[in-house]
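Undergrad: Whenever a hint applies, use it, and build me the whole structure from the sequences.
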Amino acid sequence: MADQNNIAVDIRNVTKMYGAFSALEKVNLDIRDNEFFTLLGPSGCGKTTLLRTIAGFEDITQGEIVLYGQNIANLLPNERPVNTVFQQYALFPHMNVTQNVMFGLLRLGQDKTSAKFRVAEVLELVQLTKFADRMPNQLSGGQQQRVALARALAPSPKVLLLDEPLSALDLKLRQAVRLELQQIQHQTGITFVFVTHDQEEALTMSDRIAVIKGGQVQQVGSAQEVYEAPKNKFVADFIGETNLLDVRVTDLHDGKGSCILPGGVQITCPAADGAHPGPGHLSVRPERIAITSPNEGLVQGKVKRHIYLGTDMHVEVTLMDSETVTVRMQNSSQIQIPEAGQTIGLEFEADAARLLVD
Amino acid sequence: MAADLQPKASSSTSTYAGLGIPLILPAWAIIGFFLVLPVMMMLIYSFLTKEFRGGVIWEFSLAAYDQFFFDRGLFGDELPKIEWTYITIFWRSIWQAAAATLLCLVIGFPTAWFIATRTARNRSIWLFLVTIPYWVNLLIRTISMKFLIRDNGPMNELLMASGLISEPIHIINTNLAVQLGLFYSYLPFMVLPIYAAVERYNFALSEAAADLYASRTITLTQIILPTIKPGIIAGCILVFVPSLGAFLAPDLLGGAKNFMIGSLIEEQFKGAAGNWPFGAAASMILLSLVLLVLTLYARQQTREQG
Ligand SMILES: Nc1ncnc2c1ncn2[C@@H]1O[C@H](COP(=O)(O)OP(=O)(O)OP(=O)(O)O)[C@@H](O)[C@H]1O
Ligand SMILES: [Mg+2]
Numbered sequence: 001m002a003d004q005n006n007i008a009v010d011i012r013n014v015t016k017m018y019g020a021f022s023a024l025e026k027v028n029l030d031i032r033d034n035e036f037f038t039l040l041g042p043s044g045c046g047k048t049t050l051l052r053t054i055a056g057f058e059d060i061t062q063g064e065i066v067l068y069g070q071n072i073a074n075l076l077p078n079e080r081p082v083n084t085v086f087q088q089y090a091l092f093p094h095m096n097v098t099q100n101v102m103f104g105l106l107r108l109g110q111d112k113t114s115a116k117f118r119v120a121e122v123l124e125l126v127q128l129t130k131f132a133d134r135m136p137n138q139l140s141g142g143q144q145q146r147v148a149l150a151r152a153l154a155p156s157p158k159v160l161l162l163d164e165p166l167s168a169l170d171l172k173l174r175q176a177v178r179l180e181l182q183q184i185q186h187q188t189g190i191t192f193v194f195v196t197h198d199q200e201e202a203l204t205m206s207d208r209i210a211v212i213k214g215g216q217v218q219q220v221g222s223a224q225e226v227y228e229a230p231k232n233k234f235v236a237d238f239i240g241e242t243n244l245l246d247v248r249v250t251d252l253h254d255g256k257g258s259c260i261l262p263g264g265v266q267i268t269c270p271a272a273d274g275a276h277p278g279p280g281h282l283s284v285r286p287e288r289i290a291i292t293s294p295n296e297g298l299v300q301g302k303v304k305r306h307i308y309l310g311t312d313m314h315v316e317v318t319l320m321d322s323e324t325v326t327v328r329m330q331n332s333s334q335i336q337i338p339e340a341g342q343t344i345g346l347e348f349e350a351d352a353a354r355l356l357v358d
Numbered sequence: 001m002a003a004d005l006q007p008k009a010s011s012s013t014s015t016y017a018g019l020g021i022p023l024i025l026p027a028w029a030i031i032g033f034f035l036v037l038p039v040m041m042m043l044i045y046s047f048l049t050k051e052f053r054g055g056v057i058w059e060f061s062l063a064a065y066d067q068f069f070f071d072r073g074l075f076g077d078e079l080p081k082i083e084w085t086y087i088t089i090f091w092r093s094i095w096q097a098a099a100a101t102l103l104c105l106v107i108g109f110p111t112a113w114f115i116a117t118r119t120a121r122n123r124s125i126w127l128f129l130v131t132i133p134y135w136v137n138l139l140i141r142t143i144s145m146k147f148l149i150r151d152n153g154p155m156n157e158l159l160m161a162s163g164l165i166s167e168p169i170h171i172i173n174t175n176l177a178v179q180l181g182l183f184y185s186y187l188p189f190m191v192l193p194i195y196a197a198v199e200r201y202n203f204a205l206s207e208a209a210a211d212l213y214a215s216r217t218i219t220l221t222q223i224i225l226p227t228i229k230p231g232i233i234a235g236c237i238l239v240f241v242p243s244l245g246a247f248l249a250p251d252l253l254g255g256a257k258n259f260m261i262g263s264l265i266e267e268q269f270k271g272a273a274g275n276w277p278f279g280a281a282a283s284m285i286l287l288s289l290v291l292l293v294l295t296l297y298a299r300q301q302t303r304e305q306g
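Sequence order for the protein chains is A and B. Quick note, the first sequence lines up with residues 1 to 358 if you use the numbering used here. Quick note, the second sequence lines up with residues 1 to 306 if you use the numbering used here.
Incorrect hints may appear among the rest.
[As the list claims (entries may be wrong)] Some chain B residues flagged as far from chain A (calculated, every beta-carbon gap over 12 angstroms):
#1 E51
#2 D71
#3 R72
#4 I94
#5 R121
#6 I169
#7 L205
#8 T227
#9 A256
[Said to hold, decoys possible] In silico DSS-like pairs for lysine-lysine, Cα to Cα no more than 30 angstroms straight-line:
#10 K112(A) <-> K229(B)
#11 K270(B) <-> K81(B)
#12 K116(A) <-> K229(B)
#13 K146(B) <-> K229(B)
#14 K257(B) <-> K270(B)
#15 K256(A) <-> K231(A)
Hints were generated in silico from the structure; no laboratory data involved. All of these numbers come straight from a predicted model, not from anything done at the bench. Think of the CB as a built atom: it goes at the ideal place given N, C-alpha and C, for glycine as much as any other residue.
TA: What follows is the structure, given as structure tokens:
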């Protein structure tokens with residue numbers, strides 16, 4: 001907010017109503033220039049709606065959308081200098097790859113020769129040069145996805161909007177394309193606004209992430225910030241896995257809180273804004289918990305079962321007050337995994353835990 | 001990266017296209033009996049000699065085709081000149097059918113578009129409304145059209161009452177009357193295929209076009225029309241072909257001056273004045289004309305698809 005020149009898209013107080021239902025509620029976001037910005041949230045939370053209001057396909061009920069200083073909320077889609085990569089690609093079926101990619105350039109009034117040059121350049125960037133003459137229905141899903149990307153990149157938009165562009169691809173391909181997308185973003189310097197409901201995708205690709213729930217922004221921050229310092233229970237739970245222990249908060253000061261764990265041990269750990277004395281939730285990531293001997297550590301429990309995850313192993317532990325806590329352990333021959341039914345102690349560093357509000 | 005480099009199986013050659021010969025036999029039987037057989041009979045009859053009270057004599061003759069194209073004078077002994085009568089009728093039929101097709105397209109396209117963009121439930125209601133008149137026999141519909149457009153019919157009276165015109169517009173027994181009749185006869189054949197095409201149209205394509213700076217006009221002409229073109233062409237063929245051979249509308253609405261091929265052929269098979277070989281020959285010429293148009297279209301289509 002401090003440096004206005006640095007902001008690519010400034011979304012101010014945007015509300016979008018469908019009848020009485022608000023798909024977006026007073027959304028405020030500032031997406032910085034040259035940033036890989038991700039909108040993350042569960043299905044139906046309004047990610048697509050937000051993207052479509054930026055592109056201009058959806059009118060907003062209230063608020064402003066400012067693109068590099070210009071309020072674009074009242075412009076038609078074809079008047080906005082942003083381009084979209086659609087979820088289902090929406091390639092023009094009667095045009096070959098070259099014609100698809102050239103379409104936007106011709107609309108902007110480029111002459112055929114320079115447009116052709118630019119098309120070749122962009123196809124090179126997405127490694128599709130060989131496929132320039134193919135029709136869309138002669139391409140694989142991954143290739144179609146890259147044509148859609150090339151088509152949106154060709155006019156050199158100020159901001160590129162991507163609506164779950166990887167969701168139709170299989171796992172291996174998705175991982176490869178993630179890297180490519182990141183590289184292309186670095187090479188072109190275009191601001192990317194990327195929509196996904198896949199938290200892993202968001203964590204690995206983004207400079208910053210906005211976590212959305214029910215049309216409201218829950219938290220904006222880098223991958224590390226939202227993962228390690230979630231603002232509330234929803235963010236902690238949605239991004240990665242976490243254990244939420246029922247605790248009693250006794251004291252709060254300077255962003256730290258004291259609380260009493262199930263079993264009576266008291267610790268002092270970081271607390272999210274808004275935490276208050278009384279019943280609360282303590283979030284501890286499964287990989288931050290270690291198993292110790294009974295009567296050692298912070299809480300006591302009994303091993304319920306193991307869940308095999310390949311490289312890792314989840315050990316589910318039932319606490320004395322019947323809450324279940326998951327511990328993530330590396331699956332290696334050196335580490336001894338306690339048997340089901342065994343009584344054990346659990347330990348974690350106080351700084352790895354976090355007091356949260358609902 | 002390597003995994004995505006193979007192209008998808010071409011959509012036109014599906015493994016499931018060949019269902020095996022036994023399953024296809026009934027279809028071939030029906031086509032053979034109802035399509036090939038009648039056309040063969042027509043072809044044979046067109047090369048036979050006419051019998052004066054209708055019917056044919058089983059004797060080879062080119063007289064029917066000769067009569068269609070050449071004028072050999074009253075007694076058949078003059079040097080042959082080109083006979084324009086029937087060619088004129090054919091020509092008139094072609095452009096009457098073309099005008100009716102155009103009329104159907106101009107009205108049918110927006111109608112189909114409107115219906116296809118309603119909600120799923122309303123769509124079926126609108127489609128039902130469009131097809132309702134077609135539950136009534138074509139003859140009755142054509143006669144009611146005559147009633148509607150005659151000089152002192154409801155259309156003229158309404159226009160005069162509204163003060164738009166002071167004299168009734170004379171439509172009956174003109175080309176326009178025939179075109180209106182054909183239009184009314186075959187409108188659903190235009191609406192339905194276009195409706196089907198628009199309904200399948202992916203409106204994300206329009207958004208993609210707008211996103212890539214296309215105006216509404218450009219989106220319509222460069223994205224929407226090319227994508228739904230097969231539906232438009234199917235509609236045009238379905239209206240043009242039956243309009244070309246129609247006889248009810250020209251007979252009832254066009255009067256004697258606006259004779260079309262359909263009526264010409266119809267007369268050859270009616271009553272004692274008929275001439276079966278000539279009627280058959282005219283039908284064959286009409287059929288060849290239609291096939292020629294369709295072949296040209298099909299060839300152009302395959303060329304476009306590379
Ligand atoms: N045209 C519409 N009319 C009414 N409600 C709508 C309309 N479009 C979307 N919604 C509602 O708005 C909410 C947000 O929808 P949106 O498509 O933005 O979700 P999303 O976050 O993109 O979800 P997903 O991950 O499933 O794509 C949903 O609850 C949806 O039902
Ligand atoms: Mg969505």
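Undergrad: Next step is simple, just say for each hint if it's right about the structure.
TA: Comparing the hints with the structure gives:
no. : hint                : in the structure
1   : E51                 : 55 angstroms, holds
2   : D71                 : 49 angstroms, holds
3   : R72                 : 53 angstroms, holds
4   : I94                 : 30 angstroms, holds
5   : R121                : 18 angstroms, holds
6   : I169                : 43 angstroms, holds
7   : L205                : 5 angstroms, violated
8   : T227                : 6 angstroms, violated
9   : A256                : 47 angstroms, holds
10  : K112(A) <-> K229(B) : 26 angstroms, holds
11  : K270(B) <-> K81(B)  : 28 angstroms, holds
12  : K116(A) <-> K229(B) : 27 angstroms, holds
13  : K146(B) <-> K229(B) : 34 angstroms, violated
14  : K257(B) <-> K270(B) : 20 angstroms, holds
15  : K256(A) <-> K231(A) : 14 angstroms, holds
Consistency note: the structure conflicts with the earlier hints numbered 7, 8 and 13.
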